[in-house]
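*Asks:* Residue numbers (my numbering), protein chains in the order written: chain B, 1 to 316; chain F, 1 to 316.
Hints may be right or wrong, so weigh each one.
[Said to hold, decoys possible] Label-pair ranges, simulated between beta-carbon atoms:
| no. | chain 1 | residue 1 | chain 2 | residue 2 | range |
| --- | --- | --- | --- | --- | --- |
| 1 | F | 233 | B | 26 | 56 to 62 Å |
| 2 | F | 82 | B | 220 | 36 to 42 Å |
| 3 | B | 164 | F | 126 | 49 to 55 Å |
| 4 | F | 87 | B | 121 | 16 to 22 Å |
| 5 | B | 122 | F | 308 | 57 to 63 Å |
[Claimed, not checked] Covered by chain F, according to a simulated footprint, are these stretches of chain B (three or more residues, beta-carbon under 8 Å):
| no. | stretch |
| --- | --- |
| 6 | 38 to 46 |
| 7 | 71 to 78 |
| 8 | 82 to 96 |
Hints are computed from structural coordinates only; laboratory data are not their basis.
Glycine included, C-beta positions come from ideal geometry on N, C-alpha and C.
Protein chains: 2
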Amino acid sequence: MEKYLAITGGVGGAKLALGLSKVLEGEQLHFAVNTADDFTHLGLNICPDIDTLMYTLSGESNTELGWGRKNESWQFMDALKQLGEESWFNLGDRDLSVHIIRTQKLRAGQQLTEITQALFAQFGIKASVFPMTNDSVSTRVTTEAGTISFQHYFVKEQCVPKVQGFSFEGAETARVNPGIQQLLLDEDLHGVILCPSNPYVSIDPMLSLPGMRDLLHNCKAPVIAVSPIISGQAIKGPTAKMMQELSIPSTASAVAHHYSDFLDGFVLDSSDAGLKNAVEQLGLSAFTTQTLMVTLQDRIQLAEACLNFINLLHRS
Amino acid sequence: MEKYLAITGGVGGAKLALGLSKVLEGEQLHFAVNTADDFTHLGLNICPDIDTLMYTLSGESNTELGWGRKNESWQFMDALKQLGEESWFNLGDRDLSVHIIRTQKLRAGQQLTEITQALFAQFGIKASVFPMTNDSVSTRVTTEAGTISFQHYFVKEQCVPKVQGFSFEGAETARVNPGIQQLLLDEDLHGVILCPSNPYVSIDPMLSLPGMRDLLHNCKAPVIAVSPIISGQAIKGPTAKMMQELSIPSTASAVAHHYSDFLDGFVLDSSDAGLKNAVEQLGLSAFTTQTLMVTLQDRIQLAEACLNFINLLHRS
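Chain B extracted, bound-state conformation (with noise of 0.2 Å):
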């Protein structure tokens, strides 16, 4: 049985998580997640890549507001901030039953691989999920103000302060994932696709834990990446005004090199068919298609082209 992985953050990486899974079989598509985002808020313990994929596979996310869950009620909420209490980070009602669970198995001494696999199966998932590790990582965000957590950066912040570089504590000692590990050694690996989610806090946390990037450069099956910059804009989330922030050029040429030393293919959007080159000349397969996914539909194409080029390159 031919194998995939995926790795993904949050929102965008999601969009095509969800597209892969309509496209191949549950036991083909395994998912490695950035946990670096996770936080500790009000004593729970809150995984919002992990969390974000499974509400987006399980049909459970609220579209509406772009995260968390659909049909969401605001009572505890509501209630908190009566209390006095910080309310910068919303936790909906049905969303809290998720963090519950998890602190207590976490407090419990059950791994995080094993519960968020527990989870996801009782959401009806049938791929397999890896968070990147078991172990503590978490992103902080240098910017003018100050070096602060990710999510102080992300939500309380809203992407303001401008950035100067990010750090990954804990990760020179964390682990990556032994399922990972062992999926990306796997003879049945047919092709690694990292998912258009930022490269700097959603993939490079991950490319951070020792190991990985060697990982990638001596897979043998095909790593691609999907392009999260489409004509220099980034369609979810603050990548292409970091890249600027940070006196990188904010085009999909740019993320491919951020990723070069282990990549075999990379994905453009048509609209950004002039950077082929720049791609190639970077020693990578470069392949236009259309990679804005607006509906379930654009998120399957995607997803087959994604196959597609996999193929490609397995016959190159």
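Dock chain F against the given chain B, drawing on the hints supplied.
*Replies:* Quick look at chain F alone, frame taken from chain B:
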């Protein structure tokens, strides 16, 4: 300033507590609350009697259900059930805010007293509150079917198993809340009122704390109790059923006997006036009034009757 200490468990006792809060100034009124019903559920520290008192005194209690918060919703529980988790203990969305704050602060090293007093203040309650102890004490119920935790007996088993006895795990090494101890030695203490709570599972846990019975016995102010039994029946909860199962006559005078080593006076319902003699034979003063509390006015009248009784005992 004349100070009063009211000792209470949950729903039954909280009715009189509300009456007292309407006839006394906030600074005069102090509560000692049972914490032996407290338990950890889904990783959350839940204090049923403290919360019942807090919701009752702040007008936040759910009078339709008879427990929990008013204007409550159940989205969290609904989502929890869908995840296949235990759902025998209902936690409302608004109620959850209290448990989550308490759990977080306990884990951060705050004491239950400090946390409880901060919550009461947030709920706008002027009276002061003292959990019976900051240490962990857990009521265990010995039944025909084995020894189980109180919440297991009370909520999960709905008080069906026949009880054979009770034990209070941790009581022997627990320390009476220093605030309660101080109050019982305070020159300004004018009276102590045992609210009409269950003697075995709401009041006895407090009496089982080392030194507590002596503190009450040696207290200079009159110590009175209000019978939780009226005409042989418990108005709320399993008190009468427990007494029968323990082969104790389910009468008000049996309750007076239970406390007779430290009590000065006992309040009987007018319908139990025939038991006045039996109470007096225990060496206690007896006082009859309407103790059934249906309306707020009933609660206030019983509170006033208790204060009158205490004044009478001061003069005698």
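*Asks:* Any of the earlier hints contradicted here, and which numbers?
*Replies:* Nothing - there is no hint that the structure violates, so all of them hold.
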